[in-house]
Structure formats: structure tokens, C-alpha cells
Amino acid sequence: MDSRKQRSKSGEAETASRALWARATKYRNGKDLDTDDVLDVTHWMRQVTGLILGLVLGFTRTQGMIGFVAYGLCAVLLPLAYLKHVLDINDEEHGGAYQLMTEGLMPSLALYVLAWTSAYSAVSA
Amino acid sequence: VKATGRKCGKTKEAVAAGGGECCGRTVEMTELNVAPLGVVAIVMIMTLAVEGISYAAVYREESYQRNVARVKELTAKVRKEKEAIVSIDKRKTHEKKLARLEEDLKVANAAVSGAKFRINIMVSLSYMVAYYYLNNFLYRGVIGRVPFVPMGPVRGFVGRGLKTDDARAVGFAFIYALSSMALKVNVQKALGFAPPRSGFSAWEESKKRSEQYAEKFA
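Quick note, the sequences are listed as chains A and B, same order. Sequential numbering of the first sequence, starting at -3, is according to the working numbering. Sequential numbering of the second sequence, starting at 68, is according to the working numbering.
A hint or two may mislead.
What the hints assert, rightly or not - Listed below are the simulated DSS-like cross-link pairs for lysine-lysine, each with C-alpha atoms no more than 30 Å apart in a straight line: (1) K80/A - K144/B; (2) K283/B - K27/A; (3) K139/B - K80/A; (4) K283/B - K22/A; (5) K27/A - K256/B.
Claimed, not checked - Here are the computed distance ranges between Cβ atoms for each label pair: (6) G68/A - S130/B: 42 to 48 Å; (7) A123/B - G60/A: 43 to 49 Å; (8) E89/A - A281/B: 31 to 37 Å; (9) I188/B - I48/A: 35 to 41 Å; (10) G68/A - D156/B: 21 to 27 Å; (11) K27/A - N203/B: 54 to 60 Å; (12) H81/A - H161/B: 34 to 40 Å; (13) M218/B - I48/A: 23 to 29 Å; (14) M102/A - F184/B: 21 to 27 Å.
No lab work stands behind these hints: they were computed from the structure. Note that beta-carbon positions come from the ideal geometry of N, C-alpha and C, so glycine has one too.
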């Protein structure tokens, strides 16, 4: 009975996660998302953007502070722009612009620097 | 032209023996440096193992799940009370209710963190042992280079444990620290084991206490 309960709980979590992404990718669907959903979407967008940007810059051997400028534009501002212009979300209803700007920022920055350094080191041996 | 020599079908040794000639062009032999990726893979395995142990020992307990649900419920109530607009005559009652809810939230948060206390101590010790062995026996010296010139205190962090003048050289410690910071939070969130977001902020709490202290002696 215990394992069935656990399986149904993990099945529910997977359905909820798929439902979240289905809602978060619909145009102007901000009203359908609560604060936790908005913060989760911001967090994961930041992680994925940081990872992809780090790999691209690393494999293209990009050096210097321009990498951090690119990070600031893509990983910090892009999720905010997506929430505001695509999902039509009012940041005041979900903790304010500061909360949205800092959600998942440190793990994303670490992931970005890690991806950038690893890719750069791999091709610049 | 930089290449690994594999595209023309010749082995690296054959190309090197032939003076670097490959497909009619002279190539400079390089190898992919995968040492940083090795560190990332080890940290990922360790993180997954720790989360597995935490799940077996803590997360699946009903008492832990009850505490997590309580934190979520109280966080929603605190958020609602903070956003509520009350008349002046009901303000004191509202403030008392909010203070009580915040106190309950603090207690509930302490219960959630306390459940993982023993596991956290064991995990920290295991990470220290793993760090010692990996740093001293497996990944000694420079294992990569950062694509930027680190400045100020970051310089010491990047080149930690290395005896080199190259400011851009990185060793095991830097990659290990970055991997831990990047992977731990994301693995927890992806597996659904992340602690609940709480409206309680230690910074705001200490700010409130300082203000009360200042008012007392003003």
C-alpha cells in the first residue's frame, strides 16, 4: 500500500510539472499561474539559459567580461522579459521585481561559469 | 588548423609520427580536456546519492511531509495577511495575528530543517573526505582554465590550492565548489525534494529586532 501511495504521489508530481509547463508556455496565460509557479518557471528558465549560454560561449572560445555581460542580458533579463511580455505577469503580484530577478540567480551563475569554464577548457587544452 | 586527427581516420599516434600530416593538411594535435567534466560527473553522482539517502531517511517520513505542508499553509496565510488592507481600529488585532502566524511559521521552518540535521552532518563529513581524496590523489594541479581574468577575491577562489602564476588556471577546488553550488539546488528541485519556499526571512527578522532594540533605547 505504501509503495502504491508513493507511486501515485510521484505520478501526481510529474503530471503537475507537465501541467505547469503547459500553462507557462501559453501566450498571456499569467493569470493561471500562482506565485510558486511563476518563481519555478523563472528559476528553470534561468538555469537552462545559463547552461546553454555557457556551453555556446565555451565552445566558441569566447573570453573576457563580455561573457558576464551576455549572462546579465540573457539569464537575468530574458526570464523577466518572458514573464512580462509573453505571460503578461504583473511582478508586484508575485513578490516584486527584486524577487523575480534574484530567483535561482546564484545556482544559475554557478552553472553558467561551470559550463563556460568546462567547455572552454575542453577545446583549449 | 587544430584537430584531433580522428576525422581523417588515422590514429593520433599515426598522425604524430607522420609529422602532423592529416588529410593533406598539417594539423596541430590537441586533446579534449575532460578533467572538469569528470569532476562535475563525480559531484553529480555524490549529490544523487545524498538525495537518495535523504529520501530514505527523511523525506518519505510522514512527520516530515506534514511539517512541509504546514510551512506551505502558513506561508500562504502570512502572505494573505500581509496583503490585507485593514481599518485603523482593527490594526492592532491584525498585527498581533500576523506576529502569531510568523512565529508559527518560524517554528514550522525549524521543524523542517531540524529533521535533516543528522543527515546534514553525515553528508558534510562525507563531502570533506571525498574532497580530500579527490584533491590529493585524483585531480592534482591545474585541470583547466577560466575564460576570463579573475579579479580581487575571486582570484584566490579560482586558483585555490594551485602553485602557479597563471591567474586563469583552475584546480579541482574551484570546479568542485561550482559544481556543488550549481548541482545541489537544481537536483533537489528536479527531484521535488527542495524545501518549501517560506515567507520567513532571517534578514528581515534581524532588521526588525534591531529596530525594536533601537526603539527601546531611543
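Is the gap between the beta carbons of E89/A and A281/B within 31 to 37 Å? 33 Å, holds
Is the hinted pair K27/A and K256/B satisfied, with a Cα-Cα distance of at most 30 Å? Cα-Cα ~24 Å, so holds.
Regarding the pair K283/B and K22/A, is the alpha-carbon distance no greater than 30 Å? Since the Cα atoms of K283/B and K22/A sit roughly 53 Å apart, the hinted pair is violated (cutoff 30 Å).
With respect to the beta-carbon atoms only, verify the hint that I188/B and I48/A lie 35 to 41 Å apart. 37 Å, holds
For a C-alpha distance cap of 30 Å, please report whether K283/B and K27/A respect it. Judged against 30 Å, a Cα distance of about 45 Å means the pair is violated.
Is it true that the C-beta distance of G68/A to S130/B lies inside 42 to 48 Å, as the hint says? 43 Å, holds
M102/A versus F184/B beta-carbon gap, inside 21 to 27 Å or not: Holds: the Cβ-Cβ distance is about 23 Å, inside 21 to 27 Å.
Hint check for N203/B and K27/A - Cβ pair distance inside 54 to 60 Å: 56 Å, holds
CB-CB spacing for I48/A and M218/B relative to the 23 to 29 Å hint: 26 Å, holds
At the C-beta level, are H81/A and H161/B separated by a distance inside 34 to 40 Å? 37 Å, holds
Please verify whether K139/B and K80/A have alpha carbons no more than 30 Å apart. 26 Å, holds
Verdict for G68/A, D156/B (Cβ pair) under range 21 to 27 Å: 48 Å, violated
Of the numbered hints stated above, those contradicted by the structure are hints 2, 4, 10, listed in ascending order.
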